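Now for the letters of each chain:
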Amino acid sequence: MTTYVFGFVEPGAALPPLLRRVPGPGVDAVVGEPAAGDAREALLRHGEVLQRLLASTAVVPARFGSAVTDDAALERLMTERAAGLRAALGRVRGRVELAVRAAWASSPPPRAEPAPTSGREWLLRKAADAEAARRLRSRVDSPLTELAADGRWASPSAPGGPATAAYLVDSVDVEAFTARARQLAADPELVLTCTGPWPPYSFVDLADVDLVDEEAAR
Amino acid sequence: MTADLRADVTLVDLLDRLLGGGVVIAGEVTLGLVDIDLVRVSLRLLVSSVETLESS
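Chains as they are written, first to last, in the numbering used here: chain W, 10 to 227; chain B, 1297 to 1352.
So here's chain B without its partners, still in its complex pose (with noise of 0.2 Å):
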């Protein structure tokens, strides 16, 4: 796997934690999530302290 896919791979378990994970506060303001795409670009800067195992 090169480093580029594995760094999509965790930047995906990342959205899906930051966007269904954790404690619900209902009367929350969820903040707009607008540039999805834009949004992948910048979390590269975070994912490098998380570690991915390789696949074959």
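Chain W with its partners taken away, still in its complex shape (with noise of 0.2 Å):
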């Protein structure tokens, strides 16, 4: 019987019916049944006990899909990484993470302009999308991280694309995140869009909390 692991809270926290604390030193799991039936229940599940455990407690949500071999195991691995995993949860102890996706109105849509019919075309193609890229991160990334405790911004995977960010952000201050993503969303050059407040996916340290269950992995 595995144990599946949704993420980890502060010690004590209250959780939502049907789920387990793990208790470890200085943080606990939160730990249940995978749900029942295919991966869009199971999908569903995990999105929403992270969504209800956000409301209560701060949360360090585990990966989807996590599973270790049984309690035992992820107390071993909580004993272990007990410092990387307590300064993960104070790292977003009173934050949440805001999702925002960014575009330029004007940005063609891929392949709507005739392939580059010479080398030299190409290459001021290449740079002129790096420039946009660049304008797009000083108007959109530059204002949003001011208000944010941590970001993560990716420019657009392709020419024209949107740009993808997260933003952790003090829960005093999504208010104020939030206004000035409106702002940029009236901006008539930029298609913007902001989510959340999402428990914060994007910002564990993997480098600390890496865990590995030493059983399983053999």
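No lab work stands behind these hints: they were computed from the structure. Among the clues, some could well be false.
[To be verified] Under 10 Å between C-beta atoms, here's a sample of chain W residues computed to sit facing chain B: (1) V14; (2) L52; (3) H55; (4) L59; (5) R72; (6) A76; (7) V77; (8) L86; (9) L94; (10) R110; (11) A175; (12) G205; (13) P209; (14) Y210; (15) V213.
Source: prediction; values computed, not measured. Glycine included, each C-beta is placed from N, C-alpha and C at the ideal position.
Mind assembling these two chains? They're in different frames, but the hints should get you there.
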């Protein structure tokens, strides 16, 4: 019987129904049965549990699909990585994640432009794409970062596509942050959406808290 | 932006997070990700708890 892990929370935090805690040093793991049914049910449940935990406690989400051999294996992991887990929880305490997607409204859809006919044209277009991505970051990322404790910005993976960003925002600053995002969304030169508050999925320092269940890994 | 489109944006953000975020527990059992199209439908229930700002 494996133990399915949803995430890690403050010791003694209130849990939604049907979940159990596995206490560790300074942090509790939230575990339960993986949802019966298909991947869709499991995804739904994982996201819903974390969203509910976020309402009442600091929470470090586990990656969807994380399970360990049994409670004892989880206790060993948490003891070995206690400092990293506590640090991860401390970083996100009192904070939530907000997600932003942004693109230039004038960007042509991918492949709407004819293919470049020469190497020179290809290089010029590549330089223009890089410049557009740089300007997008300075227009959007800079003002939002001012209101965030931390941020992750990923430039468009394809020319003209949206940049995706995640921000870790103090709960007291969420209103100011979303107000600024609304201002940016109202700019006719930009197409921008902001979603959240999310549990801090994007702000787990993997170097600190990668957990290895050696029994299962063998 | 229509309500449907807003829900779609939120859904994409949710899937990004569920599938790409969180502490990695190595040796993990990864559940098979079949029927992603069907996932989109059910997850609409969940995204109603999350706010999406409108873009112009």
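Does the interface hint hold: is W/A76 within less than 10 Å of chain B, judged Cβ to Cβ? holds (4 Å)
Does the interface hint hold: is W/L86 within less than 10 Å of chain B, judged Cβ to Cβ? The hint holds - W/L86 has a Cβ within 10 Å of chain B, the shortest such distance being about 7 Å.
Proposed interface contact between W/G205 and chain B, which counts if any beta carbon pair is under 10 Å: holds (6 Å)
Against chain B, is W/H55 within 10 Å by beta-carbon distance? holds (6 Å)
Does W/L94 pass the interface hint, meaning its C-beta sits closer than 10 Å to a C-beta of chain B? holds (8 Å)
Using the nearest Cβ pair, does W/Y210 come within less than 10 Å of chain B? Holds, about 3 Å.
Should the interface hint for W/P209 be scored as holding, given a Cβ-Cβ cut-off of 10 Å against chain B? At 8 Å from the nearest chain B Cβ, W/P209 passes the 10 Å test, so the hint holds.
Are W/L52 and chain B close enough, Cβ to Cβ, to be under 10 Å, as the hint says? holds (6 Å)
Holds or violated: W/V77 as interface residue toward chain B, Cβ cutoff 10 Å? holds (6 Å)
Closest C-beta approach of W/R110 to chain B relative to 10 Å, hint status: OK, holds: W/R110 within 10 Å of chain B, min 7 Å.
Would you check whether W/V213 satisfies its interface hint, that is, whether its CB is within less than 10 Å of any CB in chain B? holds (5 Å)
W/L59 as chain B interface residue, shortest Cβ-Cβ below 10 Å: holds (8 Å)
The structure agrees with every numbered hint stated previously.
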